[in-house]
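K.L.:
Each chain is listed here by its residues.
There are 4 protein chains.
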Amino acid sequence: MSEDKKVSPDYLDAEVILGSDPVPTPVALPPDILRAAYMDMVVTDLEESKKFYADILGLVVTEENDNEVYLRSLEEFIHHNLILRKGDTAAIRAFGYRVRTPEDLEKAEEFYKELGCRVERVPAGTVAGMGEIVRVQDPLGFPYEFFYDVDHEKRLAWDYQLYTPGALVRLDHFNQVTPNVPRAVGYMEDLGFGVTEEIVDEDGTVYAAWVRRKPTVHDTAMTGGDGPRMHHIAFATHEKHNILAICDKLGALRLSDHIERGPGRHGVSNAFYLYLRDPDGHRVEIYTQDYYTGDPDNPKVSWDVHDNQRRDWWGTPVVPSWYRDASRVLDLDDNVQPLVGRTDESELEATIGADGFSYTRKDEDDSMPEWKLGEFKLGNQL
Amino acid sequence: MSEDKKVSPDYLDAEVILGSDPVPTPVALPPDILRAAYMDMVVTDLEESKKFYADILGLVVTEENDNEVYLRSLEEFIHHNLILRKGDTAAIRAFGYRVRTPEDLEKAEEFYKELGCRVERVPAGTVAGMGEIVRVQDPLGFPYEFFYDVDHEKRLAWDYQLYTPGALVRLDHFNQVTPNVPRAVGYMEDLGFGVTEEIVDEDGTVYAAWVRRKPTVHDTAMTGGDGPRMHHIAFATHEKHNILAICDKLGALRLSDHIERGPGRHGVSNAFYLYLRDPDGHRVEIYTQDYYTGDPDNPKVSWDVHDNQRRDWWGTPVVPSWYRDASRVLDLDDNVQPLVGRTDESELEATIGADGFSYTRKDEDDSMPEWKLGEFKLGNQL
Amino acid sequence: MSEDKKVSPDYLDAEVILGSDPVPTPVALPPDILRAAYMDMVVTDLEESKKFYADILGLVVTEENDNEVYLRSLEEFIHHNLILRKGDTAAIRAFGYRVRTPEDLEKAEEFYKELGCRVERVPAGTVAGMGEIVRVQDPLGFPYEFFYDVDHEKRLAWDYQLYTPGALVRLDHFNQVTPNVPRAVGYMEDLGFGVTEEIVDEDGTVYAAWVRRKPTVHDTAMTGGDGPRMHHIAFATHEKHNILAICDKLGALRLSDHIERGPGRHGVSNAFYLYLRDPDGHRVEIYTQDYYTGDPDNPKVSWDVHDNQRRDWWGTPVVPSWYRDASRVLDLDDNVQPLVGRTDESELEATIGADGFSYTRKDEDDSMPEWKLGEFKLGNQL
Amino acid sequence: MSEDKKVSPDYLDAEVILGSDPVPTPVALPPDILRAAYMDMVVTDLEESKKFYADILGLVVTEENDNEVYLRSLEEFIHHNLILRKGDTAAIRAFGYRVRTPEDLEKAEEFYKELGCRVERVPAGTVAGMGEIVRVQDPLGFPYEFFYDVDHEKRLAWDYQLYTPGALVRLDHFNQVTPNVPRAVGYMEDLGFGVTEEIVDEDGTVYAAWVRRKPTVHDTAMTGGDGPRMHHIAFATHEKHNILAICDKLGALRLSDHIERGPGRHGVSNAFYLYLRDPDGHRVEIYTQDYYTGDPDNPKVSWDVHDNQRRDWWGTPVVPSWYRDASRVLDLDDNVQPLVGRTDESELEATIGADGFSYTRKDEDDSMPEWKLGEFKLGNQL
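Residue numbers (this note's numbering), protein chains in the order written: chain A, 1 to 382; chain B, 1 to 382; chain C, 1 to 382; chain D, 1 to 382.
Honestly, the hints are just simulated from the structure, not real lab data.
Treat the hints loosely; a few may be bogus.
Identical chains share a label here; the pair holds if one copy fits it or two copies do between them.
Under the rule of at most 25 Å between Cα atoms (straight-line distance), these lysine-lysine pairs were calculated in the BS3-like manner [claimed, not checked]:
| id | residue 1 | residue 2 |
| --- | --- | --- |
| 1 | LYS300 | LYS362 |
| 2 | LYS107 | LYS86 |
| 3 | LYS362 | LYS51 |
| 4 | LYS154 | LYS362 |
| 5 | LYS86 | LYS51 |
| 6 | LYS300 | LYS50 |
| 7 | LYS50 | LYS86 |
| 8 | LYS154 | LYS50 |
| 9 | LYS113 | LYS362 |
| 10 | LYS107 | LYS362 |
| 11 | LYS300 | LYS154 |
| 12 | LYS300 | LYS113 |
| 13 | LYS113 | LYS51 |
| 14 | LYS300 | LYS51 |
| 15 | LYS113 | LYS154 |
| 16 | LYS300 | LYS107 |
Based on the provided sequences and hints, a complete structural model is requested.
P.N.:
And the structure:
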């Protein structure tokens, strides 16, 4: 019955995903990236943000000072998965990736220099807990950081006395907004990432793609829209009830308006999800139970943008703010990056706009009883 | 922090809940009702409905013939919790309550005769598995049935080989739509029910009330609207993941448009919930984990109709169809009962209509950041 | 397949359960008991016990002083479910039952006076939070307390910010050790309790019986052994993972030796369970998901004492200490009650002693492969 | 409090783990192994075994004939994770590992030839669904298979209509019994595996070690004992309740004697576990929620063999059969491999034998109350 999500083998060729105006493929080999490791986030009220991430969500404070709070998840052994950094404008200062060896820093430097990107070396100790960092502004305008050396902290996996009902155990992935998804994916493939899932339409427009280094569905995703912007950062829980417990707690604290979307089951990734907005509006996903993708021939899953179960397997409408809002990112001088507009059709318009449509069953006739005609589904109450 | 849901002691007096035009209190004692026990439901396509309730939701078929299917939940030992009955018009034929003794049938008969209601005795064996039934059309227009004798079937609680991931273990409650909630509650109190929770406003308008015999939050609820209509029937699962599994399965079967609302956490009842629509549009709730209410001084909980967490503790908007749609009910001759319109304000209008509003935090100022101003909350995208 | 747990209708007659030397049935009507409500427990180190019940298990302190700590579960609205009372000898001072009306205190007094029991009236306010209490030493030697008036406290059901991963939401039941189970059951039936399940053998020996007022499997159980002693007090969680989380936390605190038995699935009651020992050795069960028993003809379930799945549905052996150990109880002068020995066969001996045996499948031949011959099952490694 | 599980940095040197009589390190590079992929298992009653793995555990039959059944887990896209193969003697015919490229088959061949091992090429199509296989008898006596080409099957992750309450979603790992654990680990490190956890004592004896390619705690483990034997194969579920549901179902089917150990929480790996025995006595683990280990400097965890929480975090005793029993393995001619005895101390003897001991808290004095002195813990009822 769910045959339509199966990708046909010949769908796997590159034509679909490669866009116009490609980022050139460097001759230099890319660094061997292990995983999405941390995000460096500017927040306007450090106290409020710490309360949100540490007191409410239960991330563990590794270290803090008047201007920064360093947080990690319970199963993490590196110094931090999230830096909250006090500033005037809420924005994203860096997406941090860990590489396999110290030598991969050289590779990162060469790779990006060949692309004409600005590259900086941040000496060890400049950022708390961190060895040397290679910091770049990438071809899509995102501030990426690469590092190997990092302080080890206690992995708190066994410290159940610290667990809350909604315990966050891992950083899972980032999600980035960029105008031209095929262009972004081509560049990420050059950087060594593999595509696991995507949302497309019958004309070849690509609305979003998920790319990975570690063998999960993604370390980051490229979401079509005006960019560069940061769509969300995602932390993993062990079980689905942990995610429900976070909602219950936000209700108890009368902070339920921080819940933007979900909880629900994703079509893409098959994971169970929840989207929150932090005190600055930065979006945080809580996520659990996607699948192993580590084989080189892992089947890519292509979703039709009109499939109403692609974003939520239960057909729950996506709220417009989820499509529209995202956090601005900084350049290497901490200035807000200007935006480039998306020219391809937007997913919001393709599915629930004036000419948009979604279906639950492909080729369904319209003889459905009235109550099925979707007032509570398909987003058309919007 | 969640102080506002606490009922003040002086709120418990009767003035609030008693409406105009009360149903007179009979001199006759009411029957001793044990619990909501079954619903008798007319469906237009018996095969489709059986597929929905038995194959998809996993209710167990006790007995069936060409015109009826009798279903029970896994922990039930009486013959059925649901009758699917083939007919031309989808409607509700009866709400069945079990009473403590055979003598309570006499009491039911006298109670309703004194109220001037039409009362019938259905001889034992007329309905499969059932002894004698007292059948009435109650003062609100609902077809109520009372019974004691019933065939015992195997309680399948230990038969885990029959459990599905979304196993339904008990019938939990009914929910009825009626124009005048205080009037309905007064009558139900005379019938021996106790109020556990209610939704009201500062002017004393009552939008809904929950009443119980067994010590849970309800055996039935009275929801304000044009009535008499049946809003939903609810089955219980053991855990929250069972409810999520039902959604996952409906997605897999490409039937996600049967999911009308949820899953979510109720404010009222504190239970975890999901609302489905069956092939005729009859609404079924899946419900778990409310609380014990069996003490006579169990504190009633009053919710402000403007509290955005009353219907969903996470603040997720209620879809309009949930307020609007409900199943028609039959009179004792199997004719569809005419409707009486609600004259009090509707909850839909009070909360998300032209003059309606909801709040997450009472007395919140309007200095919130823009992203909090509720595009994805409070129902105001509707 | 699990047919053998089904009780045949003619098993329901009273002969089996009524023992020799019955407690006479009073002419006086029994009080209308609502439910098991609290236990009054003497502990030798108040600080340690508070740490165990409040800090580790998460019960909420309603009130405390130098000699007593009053605790309640998260969904409770009465003042306490557990009193920790500092003393020299760890023992149980009272089993507290709530009755429906103030007048039921009179009934309790008359009922026990007719039985020749010592009865005392404890004036309101003597025990913190409590109105008047009728306190008796019952025919089995147990200190029972009956009360109606009690202070209301905030029901914390919605206060999810207070929930731990192992949140205890209700007091569920007591379990008492007494030498003659049929005699005890006869008395409890006179007191208005109904039997829901029992463990018996083919000779009519009764090893244990479960009796209830509220419509769950029990408010207390009678376990055969030297008595009077208190076997355990049980608190309920919402879900099974809550119980697992308590074990995980005890492991993290290096207190895993407080875990005596389980977690596992009971045969009797079908509930998921865990048994802990508190710092004085008092036994606490954590329990979830038994079934509704409120109908008067609720089918009693009789388990064969030799059925290896009766105590643990998965066949996990019961540790001997669980059969052997129990807490002494006090008389009304706070002296430890002397013990009366059990004369019927003990369950320990019947199942795993010299002549004892248990089976997984009745009438199984002995042609099983060697690995099935039970080294890790049936308790025969003991 | 759980500090004692923290490995000190200088513990990570090789002296501890390297044993006497090492397998020489080949000059040839090892194949790039992706993951444990399937087990080829000889069973004596194909019908019974299929019933166990397919009907009860819910693995999906990809293909079958009179002599073999090919099964896969729900999230798997390769042809099978388990082959049941009819034979006279229950044994293990192969441990299958997937490699990254077709060229890795050459590497495997050269690697093992240099070690003097017998190596065979199995042509594509010889085994259903499989391309070419390199089949070796490794230096420890185990039949290992390496492959790249394999038929793709539908990944059933989204097919929730096929899920049972105990759904198995991935093959997680193998576990092998071998006399000399350090020797085995040295060889596995040469093959490219990394050690994540180990059980040792203060004299340097290594009782078991966990090694991985994919970034989980293990693809296989080396358990000290007479070998070569197969200790268990492990499948993963999404959540802990899935594992409990398998126990419940085995109880309902009166097959609870297939449950050997657990469910419980491992100390090693921090995963939740259950051990079953199949109709031939082959051991199957059901496993969920270990942690990410993919960083090259992932901290190794060393457990003291006397730590009573190492094998079960809750201190539940390990049944002797779990230490003692394991499946024999076949050589490349399908003859049962002879055993080599373990000469180092066994974990069973070190912890619960005549001179063995275990502790919950290191350096605990013996002033514990009597009930804590461990009748129900530490395995000393054995």
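K.L.:
Decide, hint by hint, whether the structure agrees.
P.N.:
Do the hints match the structure? See the list:
1. With identical chains, the CA atoms of LYS300 and LYS362 are at most 25 Å apart within one copy only, with a shortest distance of 21 Å there and 48 Å across copies.
2. Proximity of LYS107 to LYS86 under the C-alpha cut-off of 25 Å is found in neither arrangement, the shortest distances being 32 Å within a copy and 53 Å between copies.
3. Only between protomers do LYS362 and LYS51 lie at most 25 Å apart by alpha-carbon distance; the minimum there is 21 Å, versus 46 Å within a single protomer.
4. In this assembly of identical chains, the alpha carbons of LYS154 and LYS362 lie at most 25 Å apart only when taken from different copies (20 Å versus 51 Å within one copy).
5. For the identical chains of this complex, LYS86 and LYS51 are intra-copy neighbours only, at 14 Å inside a copy versus 39 Å across copies, given an alpha-carbon limit of 25 Å.
6. With identical chains, the CA atoms of LYS300 and LYS50 are never at most 25 Å apart, being 38 Å at best within one copy and 31 Å at best between copies.
7. Taking CA atoms no more than 25 Å apart as the test, LYS50 paired with LYS86 passes inside one copy only; the shortest distance there is 11 Å, against 41 Å between copies.
8. Taking the shortest alpha-carbon separations for LYS154 and LYS50, only the intra-copy value of 20 Å comes in at or below 25 Å, while the best inter-copy value is 29 Å.
9. Within a single copy, LYS113 and LYS362 get their C-alpha atoms no closer than 47 Å, and across copies no closer than 55 Å, so neither meets the 25 Å cut-off.
10. When the C-alpha separation of LYS107 and LYS362 is checked against a cutoff of 25 Å, the pair qualifies neither within a copy, at 47 Å, nor between copies, at 47 Å.
11. In this assembly of identical chains, the alpha carbons of LYS300 and LYS154 lie at most 25 Å apart only when taken from different copies (12 Å versus 36 Å within one copy).
12. Proximity of LYS300 and LYS113 under a CA criterion of 25 Å is satisfied in neither setting, with 31 Å inside one chain copy and 37 Å between copies.
13. Taking identical chains as interchangeable, the C-alpha atoms of LYS113 and LYS51 are never at most 25 Å apart, the minima being 40 Å within one chain and 60 Å between chains.
14. Within a single copy, LYS300 and LYS51 get their C-alpha atoms no closer than 39 Å, and across copies no closer than 33 Å, so neither meets the 25 Å cut-off.
15. Proximity of LYS113 and LYS154 under a CA criterion of 25 Å is satisfied in neither setting, with 36 Å inside one chain copy and 42 Å between copies.
16. In this homomeric assembly, LYS300 and LYS107 never come within 25 Å of each other (Cα to Cα): the closest approach is 28 Å inside a single copy and 28 Å across copies.
Of the numbered hints given earlier, the model fails hints 2, 6, 9, 10, 12, 13, 14, 15, 16; all others are met.
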